[in-house]
Amino acid sequence: MNKFDNQATDALLERKLITDNQYQEIKVYRSLNIFSLNAELKFFLYLSVLLFTSGIGVLIYNNIDTIGHIAILSILLIVIGVCFYFCFKNSKGFQKTEVTFEHPVLEYLVLAASILTCIFIGYLQFQYKPFGTHYGLATLIPTLVSFFCAYYFDNKSVLTIAITGLAAYVGLSVTPQDLLNNNNFYSDQSLSYSAIMLGVLLVLWTIYSSRIQLKTHFNLIFLTFALHIISIASISNLINDYYGIWMIFALILVGSSYYFFKVSHDLKAISLYVFMIVYAYIGFNIFLFRVFEHIDLGDVWMLLVISLPAYFIGSIILFIKLIKTFNKEIAA
Amino acid sequence: MIVYDKRLLDNLALVEEAKSLQFGGFISKEQKDFIKKELPAFKRQSNILVRLGFFLLGAFLYLSICGVISLFGLSGESLFFDICCYIFAIAGFAGAEFLAHQNYYEHGLDDAFILGAILNVGFAIAITTEGYELIIAVFVAVASFILYRRYLHLLALVVFCLAASAVLFYGLFEFGSIGKAILPFVAMLVSAGFYFFTKKIMSNLKESYYYKGLLIANSFCLILFYLSCNYLVVRELSAMLLGNEVLPGKDIPFAIFFHAFTLVVPVLYLVQAIKTKDRIMLWISFLAIGFSIYTIRFYYSVLPIEVALTIGGLVLFAIAHFSIKKLKDKETGLTFKPDRINNSNTLLNTEALIVASTFGLKPEVKTESPMDFGGGGFSGGGSKGSF
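So the sequences go chain by chain: A and B. Anchor point for the first sequence: position 123 equals 123 in the working numbering, and the numbering is continuous, going up by one each time. With positions in the second sequence counted from 1, the corresponding number in the working numbering is that position plus 332.
Possibly wrong hints are sitting among the right ones.
Listed below are the simulated EDC-like cross-link pairs for lysine to aspartate or glutamate, each with C-alpha atoms no more than 16 angstroms apart in a straight line [stated by the list, open to error]:
1. 27/A to 10/A
2. 657/B to 40/A
3. 369/B to 342/B
4. 538/B to 5/A
5. 669/B to 40/A
Keep in mind the hints are simulated off the structure, nothing from the lab.
Using the sequences and the hints, build the whole thing.
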């Protein structure tokens, strides 16, 4: 307990910014001396699921030739079954709006069950190849299961697994670290097109689901993925030298930035807004660079270096303005 | 010493308090907005993403200013290379001072200039002394402490803590092998001393401005205390610094003490944290317990890693489940009910991100292998450290 919090409350009362009643209420609550372990214990649950599932994953991988396959599969199946049994028993059934379990443990059981299902299907495919050489199908089925769990049990973590699965189906790796390393798009030109298609698809899905009021709180996650996929795909293609293709991607980036500018206002989501600005700014700088590329800078480069601070000061002022107006508009 | 208007600092504390009261449902949103409008405030970014963005922009600006300075300097003599970092550092101080007078506080731009100034002080001294670590550490410590006192910049204080411990270490190295041998004990005693010292200042503190900084220094002492005599750290450091290879069947001197220390201190932290309801200490104790387990596993691997992970997951699940069961219906004191005023929910919001990065499905190029999912094991363990 921080004594300065109490002082601040006293000062608020002194300045007549809070009423006497409110002050008393706060005093009573503080005297309960609550020390909540809510976040910590939930985090432990979550960590335990991560540890357990990764342990099982490695265990299966290492012992793939020694333990009987049937034994592994049946143990996995039993664990999955137990997890799902508890989840279904305690779930309130499918609802279009946001629902939470009464007991927080169940949320993490759903997560464990979905990850284990992915492992199960992966193992099945590795060993028995039920899908033959249709590797896409082997990714699609865990994805569908995850989507079902995410929507049925209303679980955001599972939803992210499902979206990465969907992206994997079209041949993309969109885990955060891969997006940052950004090695998808250099190797394969056509991947960029499918990435942008996927992003558009995700956006269309959010529009559709907000129209039918289906789990609208998921929209932010879909849009976050869409923003990053589209922007990174088009930015990495801005450096493309193949004819004038980069012009097309510049246009796509402009279009997506405009869309996300609007949508971040609608959702009041500052994370979308900030990332949109960052991507647009990077894109704009690459654009400037490509324009300057064709001009011979032989003698004027000193001038350019001197004007750089002014350029950055200009952008800082612009960004401060942008953030200010955004904060004002979402507060209104 | 503080450059900012004291009234604005007081207002900041009041607005923060109003924010947490509104979050707890004690006052209405209109009331909070009114309080916010009533009190003049700093130019400050509370959103971490926005602040990071401005930090990057500020860093670009700082770099480009340094670029312009070097442009003029290059036409001069080779003397410029010797003093360029001093000039850059002065530019950093000037920028920080200017921003502070414009009432920028915790905004991101000021972070860039303050940290840049400290970095350049380090470089400048390194160039002048040709890389003499002790002197560099002393100057960095002094510079960062001044910056903290003047701008109340918490990151500068973290740099100060690190630099001050570096001064201690390099200072002991000056005494040759005796200094290196007593390093763990000295570090332990010094951190314990400073822990109680900062604690004492905190309890007698009249002004709220320094509270956060003292809290950080206090927590830093706790971490340093644990690490100073951790068995893994001591053994690896002694091998590195003194060249003492531990032969099979033998152990480092005072091994029993270090073993006991590694086991007892985390538990002590945990008990003390729950007793005094100290959340930061609680988190440090969790991390310390994790590191102690890692230490034990590092030397005595009883179980293969995957079995340890699986069993660890089950044990942790059981602990969390039973603690929740026990605390669920308590209304006062230690409880599972979310605190209305101080809660650490931001942690839970990052969950989805961690799941995506550890368990995201990857496209299959040739074969589907379960390793793609299991591979998360290592990063899963690592994610703990990032909090």
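Quick rundown of the hints versus the structure:
Taking the CA atoms of residue 27/A and residue 10/A, the gap is about 10 angstroms. The hint holds against a cut of 16 angstroms. A threshold of 16 angstroms between alpha carbons decides the hint, and for residue 657/B with residue 40/A the separation of about 14 angstroms falls inside it, so the pair holds. Of the pairs offered as hints, the one joining residue 369/B and residue 342/B holds, with about 15 angstroms between alpha carbons and a cut-off of 16 angstroms not exceeded. Simply put, residue 538/B and residue 5/A have alpha-carbon atoms about 13 angstroms apart, close enough for the 16 angstroms limit, and the pair holds.
Restraint check for residue 669/B and residue 40/A: the C-alpha separation of about 12 angstroms stays at or below 16 angstroms, so the hint holds.
No hint from the list above goes unmet by this structure.
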